[in-house]
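Peer 1: Sequence:
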Amino acid sequence: MKTVFIIFMALGISISVPIQQEEFIIEATYIGVEEGIYTFIDDDELEYEFSDIDIKASKKYDLDSGKFIGKKFEVTYWMDTETDENDDEYDVYIIVGLDLIN
Numbered sequence: 149m150k151t152v153f154i155i156f157m158a159l160g161i162s163i164s165v166p167i168q169q170e171e172f173i174i175e176a177t178y179i180g181v182e183e184g185i186y187t188f189i190d191d192d193e194l195e196y197e198f199s200d201i202d203i204k205a206s207k208k209y210d211l212d213s214g215k216f217i218g219k220k221f222e223v224t225y226w227m228d229t230e231t232d233e234n235d236d237e238y239d240v241y242i243i244v245g246l247d248l249i250n
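Just so we're aligned, residue 149 is where the sequence shown starts under this note's numbering, counting upward by one.
Keep in mind that a hint or two might mislead.
What the hints assert, rightly or not - Calculated pairs, DSSO-like style, for lysine-lysine (alpha carbon to alpha carbon, straight line, at most 27 Å):
hint, residue 1, residue 2
1, 208, 219
2, 219, 204
3, 204, 220
Honestly, the hints are just simulated from the structure, not real lab data.
Hey, can you work out the whole structure from these sequences and the hints?
Peer 2: Given below as structure tokens:
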């Protein structure tokens with residue numbers, strides 16, 4: 149019986165559960181894209197830079213076109229951590245949802 153318990157414990161540890169991404173939401177004005185970085189600024193003049201955009205959000209609003217510069221959005225994003233070639237970790241912000249406010 150003890151052996152069966154140990155086998156189930158080992159299986160339980162080896163099964164990976166997908167980590168749920170935490171979503172953050174801001175209201176901010178789109179100020180443009182440069183070198184693939186989408187930049188927004190909120191009412192407190194805090195600047196947000198996003199290095200990636202989900203395909204659904206990019207199809208909803210084509211931020212690359214320039215026609216949304218100066219428009220205010222509700223931006224839903226995820227924060228991910230990546231590692232560079234020196235094994236240093238850094239945060240990456242990814243747009244996963246956009247809703248035009250004005």
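Peer 1: For every hint, state whether the structure bears it out.
Peer 2: Taking the hints in turn, this is what the structure says about them:
1. For the hint linking residue 208 to residue 219, the alpha-carbon distance of about 14 Å falls within 27 Å, and the restraint holds.
2. Proposed proximity of residue 219 and residue 204 is supported: the alpha carbons are some 19 Å apart, at most 27 Å.
3. Between residue 204 and residue 220 the CA atoms are separated by roughly 19 Å; this keeps the pair inside 27 Å, and the hint holds.
Hint compliance for this structure: no hint is broken.
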